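Q: All chains, please: the whole structure from these sequences, using the hints.
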Amino acid sequence: MLPDILKDHPAASALDAALPGVIVNGHAERHEPTLWVDPAGIVDVCRFLKEQQQFVRLSGITGVDWLPADPRFEVVYFLHSLTRNLRLRLKCWIHESQPEIDSVTGVWRTANWYEREVFDLFGIRFRNHPDLTRILMPSDWEGHPLRKDYPVHGHKYTYQNE
Amino acid sequence: MRELTIHTDSISATDATHEGPPVTAPAGSRHMILNMGPQHPSTHGVLRVVLELDGETILKAVPDIGFLHTGIEKECEAKTWQQVVTLTDRVDYLSNLSNNLVYALAVEKLIGDIEIPAKAQWMRVMLAELQRLNSHLVWLGTHALDIGAMTVFFYCFREREDILRIFEMFSGQRMMTSYIRIGGLALEPPRGWQQVVGKFINAFPSKVDEYENLLNSNPIWKIRTQGVGYVPLEDLLDLGVTGPMIRAAGQKWDVRKDEPYSSYDQFDFEIPVYKENDVFSRYRVRLEEMRQSARIIKQAVEGMPEGAWQADAPKIVLPEREKMKTQMEALIYHFKIVTEGFRVPAGEAYQTIESPRGEIGYYVVSNGTSKPHRVFMRTPSFGNLQALPALLEGRLLADSIASLGSMDFVLGDVDR
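These protein sequence lines are chains A and B, in that order.
The first sequence begins at 1 in the working numbering and counts up by one.
The second sequence begins at 1 in the working numbering and counts up by one.
Hints are computed from structural coordinates only; laboratory data are not their basis.
Fair warning: this is a prediction, and the values are worked out from it, not measured in the lab.
By construction, the Cβ of each residue, glycine as well, lies at the ideal position given by its N, Cα and C atoms.
Be aware that one or more of the hints could be misleading.
Taking lysine-lysine and the DSBU-like style, the derived pairs with C-alpha atoms no more than 30 Å apart in a straight line are [claimed, not checked]:
#	chain 1	residue 1	chain 2	residue 2
1	A	K148	B	K74
2	B	K252	A	K91
3	B	K109	A	K7
4	B	K109	B	K207
5	B	K207	B	K222
6	B	K336	A	K148
7	B	K257	A	K50
8	A	K148	B	K371
9	B	K119	B	K275
10	B	K371	B	K323
11	B	K257	B	K275
12	B	K315	A	K148
13	B	K371	B	K74
14	B	K74	B	K315
15	A	K148	B	K275
Far from chain B by the CB rule (all over 12 Å, computed), these chain A residues [unchecked claim]:
#	residue
16	H9
17	P10
18	D16
19	A18
20	A40
21	Q52
22	D102
23	R125
24	R127
25	L132
26	P138
27	G154
Some, not all, of what chain B presents toward chain A, calculated at C-beta under 8 Å [claimed, not checked]:
#	residue
28	G240
29	Y363
30	V365
31	T369
32	R378
A: And the structure:
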């Protein structure tokens with residue numbers, strides 16, 4: 001549900017009215033409005049915010065690994081409206097057992113590479129993505145480097161007597 | 001003594017290959033596949049673009065990136081907050097100070113109760129603008145060189161050398177400066193910097209006129225850039241393009257004006273916007289930006305506030321050498337900062353600034369310890385490069401270098 005602190009936020013309140021129940025939680029710490037949304041509704045939320053609330057730009061998508069918490073992963077979307085000079089951050093919790101979420105490439109084409117990057121580095125799969133392959137790491141790489149259980153020096157080498 | 005053991009059984013022949021887009025055309029087709037890069041002088045780094053050609057026309061362009069991936073975001077999680085500053089230099093190696101600045105601002109936002117003195121803020125603005133000049137000069141020189149105007153390169157690098165000397169004077173380093181730190185600056189500004197920067201900046205506007213005269217009266221330059229590389233503004237925004245590219249397409253958006261940081265709201269400058277949306281107007285936007293940056297630097301030199309250049313935050317900023325030797329408390333803080341770093345309250349912050357290439361955004365997440373939990377770098381080159389197929393497909397192969405150069409990407413910034 002929409003927290004009280006974001007009741008006055010124009011885009012957040014409009015989103016809550018248009019798609020009731022999709023907002024799970026939120027905060028506005030450091031004056032940065034952030035909404036946790038239901039992962040099942042991410043495409044509808046993004047489409048509504050782009051088409052009805054002028055968030056024409058998607059600045060980026062990234063992931064955060066909160067090992068050993070459950071749900072383990074967060075996928076974070078940075079939205080920006082040029083005409084309203086407004087920024088909004090969307091977040092979805094993703095379970096480790098089923099690391100999947102719908103792709104938003106149909107809403108913003110720029111999501112394509114960012115989703116590939118999150119897939120490459122965190123191993124989160126994006127359903128309906130046109131080309132979900134590794135982007136930064138070689139295609140035969142094993143593991144997902146930005147996961148917290150992946151050592152900084154990689155799996156292939158072991159350092160002894162350190 | 002540490003030993004490095006490689007598990008040879010897990011290495012197979014496929015490890016050496018970097019699979020990507022196809023390298024041959026389908027059988028029976030008249031199309032040709034051209035592999036451009038990763039070692040191509042005009043890609044300014046290690047970018048591979050696979051082009052499918054029908055005669056001289058590009059039908060399909062597939063960028064293949066990742067050759068310069070160094071895992072900087074992963075490494076950030078293993079360093080203390082202040083140590084990460086040295087990694088941010090290496091992300092975009094043509095705008096080191098912009099990356100220092102955005103990281104410092106993001107962490108300062110996360111810390112919350114830290115006030116950066118006016119002198120440090122103005123100094124940050126001045127250095128970030130010098131960095132913009134530096135980056136635009138490298139861009140202009142190499143871009144003109146790609147298109148065949150060789151002389152401009154020497155003129156641009158002449159001025160760039162002066163800027164690098166200024167950076168060296170401030171930080172001791174020409175490129176990897178790490179000069180902007182959490183809590184202010186790394187060192188006290190050197191004596192006599194006003195004269196050096198003032199002398200440079202008074203002469204600079206006439207140098208920009210020089211470049212403009214060299215290029216605007218060059219018919220080959222004009223033919224190769226005017227009307228080339230057009231993509232509608234809606235597509236550019238949808239593809240995540242920021243910076244001079246969209247300002248050359250008529251979109252007046254600059255983070256320095258719309259979401260002012262440091263002390264940009266106290267400076268008087270214009271945001272150049274052109275509507276033609278081709279390679280030539282991108283060149284004009286960057287040239288005009290150099291003039292505006294020179295204006296900002298001039299204002300900063302003339303009106304630089306007096307006072308401290310570091311925040312009054314003993315738990316974050318290293319104490320003065322003299323205090324460390326005479327005061328017990330300063331010695332304790334010094335020991336704590338050097339051995340374990342400082343703790344940053346748990347939470348998240350996203351800070352954006354206008355880099356020479358567009359919007360840089362750093363998303364930093366803290367779990368309350370002395371190391372970042374996550375640092376995500378939203379780099380402008382990564383966002384911009386995604387528009388490359390839109391710029392190339394359906395156009396002539398001969399225009400590809402002009403279009404590619406007009407995007408001004410840095411591969412270190414793309415791959416991180």
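Q: With reference to the structure, classify each hint as holding or not holding.
A: Hints, one by one, checked against the model:
no., hint, result
1, A/K148 x B/K74, "holds (9 Å)"
2, B/K252 x A/K91, "holds (29 Å)"
3, B/K109 x A/K7, "holds (24 Å)"
4, B/K109 x B/K207, "violated (38 Å)"
5, B/K207 x B/K222, "holds (20 Å)"
6, B/K336 x A/K148, "holds (26 Å)"
7, B/K257 x A/K50, "holds (23 Å)"
8, A/K148 x B/K371, "holds (13 Å)"
9, B/K119 x B/K275, "violated (37 Å)"
10, B/K371 x B/K323, "holds (27 Å)"
11, B/K257 x B/K275, "holds (19 Å)"
12, B/K315 x A/K148, "holds (28 Å)"
13, B/K371 x B/K74, "holds (12 Å)"
14, B/K74 x B/K315, "holds (26 Å)"
15, A/K148 x B/K275, "violated (46 Å)"
16, H9, "holds (16 Å)"
17, P10, "holds (17 Å)"
18, D16, "holds (22 Å)"
19, A18, "holds (22 Å)"
20, A40, "holds (24 Å)"
21, Q52, "holds (17 Å)"
22, D102, "holds (18 Å)"
23, R125, "holds (19 Å)"
24, R127, "holds (21 Å)"
25, L132, "holds (15 Å)"
26, P138, "violated (5 Å)"
27, G154, "violated (9 Å)"
28, G240, "holds (3 Å)"
29, Y363, "holds (6 Å)"
30, V365, "holds (6 Å)"
31, T369, "violated (13 Å)"
32, R378, "holds (4 Å)"
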